[in-house]
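Which chain is which? The protein sequence lines are Y and X, in order.
Note that my numbering has the first sequence beginning at 81, numbered continuously upward.
Note that my numbering has the second sequence beginning at 140, numbered continuously upward.
Hint data in this document are derived by calculation from the structure and do not stem from the laboratory.
Each hint should be verified, as a subset may be incorrect.
Selected chain X positions facing chain Y (in silico; Cβ < 7 Å) [to be verified]: (1) 440; (2) 442; (3) 462; (4) 463; (5) 470; (6) 480; (7) 481; (8) 482; (9) 512; (10) 514; (11) 516.
Glycine included, C-beta positions come from ideal geometry on N, C-alpha and C.
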Amino acid sequence: MSVDLELDCRGQRCPMPVIELGRRIEDVDVGQTVGVVTEDVAARHDVPAWCRMRRQEWVGEDAADDGVPRFVVRRLA
Amino acid sequence: MTNAPAASEDPGRVELDAASSEPLHPAAREALVAALEQGYADPRRLHRPGRSARLILDNARAVVAEALEVRPDEVSFTASGTEAVHRGLLGLLRGSRRGSRVVHPAVEHAAVRHAAAWGGEPVEVSVDEWGRVDAAELAAAASHPETAVVALQVANHEVGTVQPVDRVELPDGVPLFTDACAAMGRLTLPAGWDAAAGSAHKWGGPAGVGVLLVRKGARWRNPFPGDDRVDERTSGFENVPAALAAAAALQAVVAEREAVASRQRALVDRIRSAAAAIPDVEVVGDPVDRLPHLVTFSCLYVDGEALVHALDRRGFGVASGSACAASSLEPSAVLAAMGVLTHGNVRLSLARDTTEADVERLLAVLPGIVADLRAEVGR
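Here chain Y stands alone, though its shape is the one from the complex:
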């Protein structure tokens, strides 16, 4: 899928990818998507949990071009 903003969090440890997501979510407009690219295994659980706590939409997981997991969120508020 295509995302409006991709955050390169390769090599970052938990919880840095989620912190980066929290810091950058307002860089996109409501309705647009942000993809967090990271090898951090905790992000697979923590990005959806962050969406629930922050009332944003969890879109799902795919992969970046180099195969690193990408966790996609849509800004709702």
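For chain Y, the structure is supplied; the task is to place chain X on it using the hints.
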């Protein structure tokens, strides 16, 4: 040994990790010292020291049986809670006439999940946001004809949620194994299981003693090589003095249970409301139907390992289910299955003598520590 740290001599420290290991109960210490002298011999031998060891072992078995309201011939002592889990679960699997499927919720302890994967074909059932499995969903998953055994913990070891062990109605011929390690001594053992496991150091007995319970009439077959010991369900030379100490601690803990649990419940309620009042902190697990001594919460944008170290520097010993604080670098399977934050996680578990003052001291520093750690990463 003069440099060994002595927690009891350090009035500044508060240890809140009893769910990992509860300090030895005074009743256990007394029994242990006495039995070290009297219970060293091989309980199978017919000479006087052997008969003395046998008497102590049988006494330990009887005391545990009474405390847990089971029959003495249903009680075996193992070398650990993990070994009791392995023998209990795998023995039911081996005794099954059906298939090799082991149905269990995703939040079972690693000892159960590893045993299921080693001995059979694990089938995971999901849990709700409190970490509780639905009894009907578990029974439905067990209705598959290849299901050999179902495993369901009494209460969760990380978030405290009590599971519906006595409400699960399994198909005929499918036995239930219950991992009671987190709950034994703290909650009344539920009904409905065919085999159960407990761990003495989690109730104030010595480490190195597990309790395996196998119901009279259960189809349990030894999953490991047999050994011509006193008890056919275990192997190896019994740690007779430690078994007696474990039994003495269990008896004392059950006798004190009501008073200790009601004090702990009030303290946990206090922690739950104070933690939830910190911005972006989520308290997890059932707020009511739970273990009395344990509470878990996750702090958004906080590194779990850093939080454990910061609390340790301020004199508080706590556990964490966060990936960065785990030896495996994998986050807690329990928190992941519940869909709650795995980072910034802290599990507090009260010892029997944890005081209100201990808890208030922690709660006084916790918001500042969380704020400082967030400030370090710009949140």
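A quick look at each hint next to the structure:
Satisfaction of the interface hint for residue 440(X) is found here, the shortest Cβ-Cβ separation to chain Y being roughly 5 Å, below the 7 Å cut-off. Hint status for residue 442(X) relative to chain Y: holds, with the closest Cβ pair at about 6 Å, below 7 Å. Annotation: residue 462(X) was flagged as interfacial toward chain Y, and the flag holds, the nearest CB pair being 4 Å apart, inside 7 Å. Residue-level restraint check for residue 463(X) holds (minimum Cβ-Cβ distance to chain Y is 5 Å; threshold 7 Å).
At its closest, the beta carbon of residue 470(X) sits 4 Å from a beta carbon of chain Y; the interface hint therefore holds under the 7 Å criterion. The interface hint given for residue 480(X) holds, since its Cβ lies 5 Å from the closest Cβ of chain Y, which is under the 7 Å cut-off. Satisfaction of the interface hint for residue 481(X) is found here, the shortest Cβ-Cβ separation to chain Y being roughly 5 Å, below the 7 Å cut-off. Contact between residue 482(X) and chain Y, as hinted, is supported at the beta carbon level, the nearest pair being about 4 Å apart and thus within 7 Å.
The restraint placing residue 512(X) at the interface with chain Y is violated, with a minimum CB-CB distance near 10 Å, outside the 7 Å limit. The interface hint given for residue 514(X) is broken, as the beta carbon of that residue sits about 12 Å from the closest beta carbon of chain Y, more than 7 Å. Annotation: interface hint on residue 516(X) holds; nearest CB of chain Y at approximately 5 Å, less than 7 Å.
Checked against the numbered hints above, the structure violates hints 9, 10; every other hint is satisfied.
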